[in-house]
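> Residues per chain are reported as follows:
2 protein chains.
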Amino acid sequence: MHSSSSSSSRFAKPGERALLKHIRALAAETQKNALQLGIGDDCALLRLSKSEDLAVTTDLSIAGRHFRLQWHPPQSIGHRVLARGLSDLAAMGARPVAAFLSLGLPRDLVQNQRARERRRWVERLFDGFFALARAYKTPLAGGDLAESPIAIADIVLTGAVHRGKALLRSGARPGNLLYVTGSLGGSAAGLAALAQLGGRQNSPARSALPNPPRIPARLKAILTPHLYPQPRIAQGLWLARRSLASAAIDLSDGLSTDLSHLCEESGVAAQIDAAALPIHPAATLAQALHGGEDYELLFAAPPASRIPRRIAGIPVARIGRIVRRRPSAPQITLMTAHGPQPIIPGGWQHFA
Amino acid sequence: MHSSSSSSSRFAKPGERALLKHIRALAAETQKNALQLGIGDDCALLRLSKSEDLAVTTDLSIAGRHFRLQWHPPQSIGHRVLARGLSDLAAMGARPVAAFLSLGLPRDLVQNQRARERRRWVERLFDGFFALARAYKTPLAGGDLAESPIAIADIVLTGAVHRGKALLRSGARPGNLLYVTGSLGGSAAGLAALAQLGGRQNSPARSALPNPPRIPARLKAILTPHLYPQPRIAQGLWLARRSLASAAIDLSDGLSTDLSHLCEESGVAAQIDAAALPIHPAATLAQALHGGEDYELLFAAPPASRIPRRIAGIPVARIGRIVRRRPSAPQITLMTAHGPQPIIPGGWQHFA
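Keeping their order, the protein sequence lines are chains A and B.
To convert, take the position in the first sequence, counting from 1, and add 9; that gives our numbering.
To convert, take the position in the second sequence, counting from 1, and add 9; that gives our numbering.
The following block holds chain A by itself, in its conformation from the complex (with noise of 0.2 Å):
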């Protein structure tokens, strides 16, 4: 955060002084080695090696949209919001060198705490946030901070990829096959599980705080895909090392919505095997093909690069194949037992 801006300033009374401060000394223990100069002056100042390219990608979340404050623990939403970042930084191969958050959020969401908590919502944010950040050794370098009707953060990574080695859109060509990581539909089935659960604990708020509900044990592992999904940095920096993929992008808006932005990117069409898709076991075929935020990785390779079945610990599936462009026939279908269907991006509204 810094000081600078005539937003955190105004933001910046004595109790919110306190909690810049707090910020800038989690944030000093996560910088590192590119980062020269981090919070406290006019821009943070970044050094790379000769041999690497600067990857910078921007995601803006607000709240009713990207998360709800009454489902969505606060810690929840500074990790989700970091994820998303990362996960663009992995779908370029590239290794994350710093991020910086603007935070915009009402004044009761810093101030206040219940007394059963003991820490204050927005310190709960950056709890989330910097467990993130620390497992994947990214220091936050600077943002900005204001006072705003709605809760909103705008994430910004910055990534280093070595020169001529980035993973791209456009690359993928007829004849490559289709891989994915992980598994599919686990954030949108959990988050249809949160919803139900924020819907039964609805209790009236005795304050403006929010209130997630209580999450309780059994539910842990079905709401974790999508409260704390894992960006595939390892993966992208694996694929990248090798150039074995010729294109690739990450899963935030489902896997209907970006393979057709692959597409898209590449001028190729897309075939797709149902019965190879790795659904989620909480998900059903639709939420695996068009629920949003599972942050996989979604490539396209040459027949001749040996893919693992697992990378960096992570099983890797082959899904479908790249097919030439034709003006009659969809972007994307999908081959079932019963035949191909075509797939519709987004499609998601058709299936609920």
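The list treats identical chains as one, so a pair stands whether inside a single copy or across any two.
Cut-off 20 Å, straight-line C-alpha distance, at most; resulting in silico cross-link-like pairs (EDC-like, lysine to aspartate or glutamate):
1) Lys30 - Glu273
2) Lys174 - Glu274
3) Lys30 - Asp136
4) Lys30 - Asp117
5) Lys146 - Glu61
Everything labelled a hint here was simulated from the structure, so no lab data went into it.
For chain A, the structure is supplied; the task is to place chain B on it using the hints.
Relative to chain A, chain B alone:
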């Protein structure tokens, strides 16, 4: 705007897809060498020479706090959002490399237009943004676009700075002289005039679109410093190249607040000569001391540094000096004909 994010694709109904294409085309025009890969993939790729570091800054702007839809024309909002980020680069002595813009907007601002206006609100915002981007050779390399209940914009600027040449906040030493570019208080004076104008013309809105006041020609000159501030990129580069300044900061929050940041980071105190302040002809002393958003550069330099009267066409005024910090003395003192007066950072309210 990268098309991968869930937000942008949810946003991208047919009408909005056209907007994304439009932005992408405009952005492509502004892109140049340092940018290896722009909008359309998971991340943008930046390349620097081995003698340069990358400066990164982010600034969050929120409707009702940093701008008002009922007061600010959309062109001004687009301009001001970018100017805030460019000004942080100027304060480091960095050359702009690439900008990233995350935009959250209510649906009406994206879709609708008034009969009397040729272009939609959001298009006019980008008119203002890209006019400034072209003037300062700053490519738009990516970002995010989401529907939001309130208008917000987070700007990320990256810039290149020669290693060891960055202007920091922390280098001011007792005996250094204090300088400021341009004039002070013009933005606060313009904002006051804009508020009056907005108040007078507050016809009841007949649509959900904001209704910023029509600006009479006679008011253009007084409103320009507020609506269209110019970041001091050339002046920052000039100072950094010659290593003439010991510390620098941009005036986003107002002289009193930003000087206190500089003193804080340098561990010093400062004296300001009231008679030497380059007060904007339309502004008061209070506006010059505490009014924010002038986006001029404030810098310190050893007495031996020969600072010219103008840098790259903009006047430079010597306004005071850095002194030793003493526990009993105020951090900032205003030297007047009636003797010294302590200055409270952000003391705007005391004058208003």
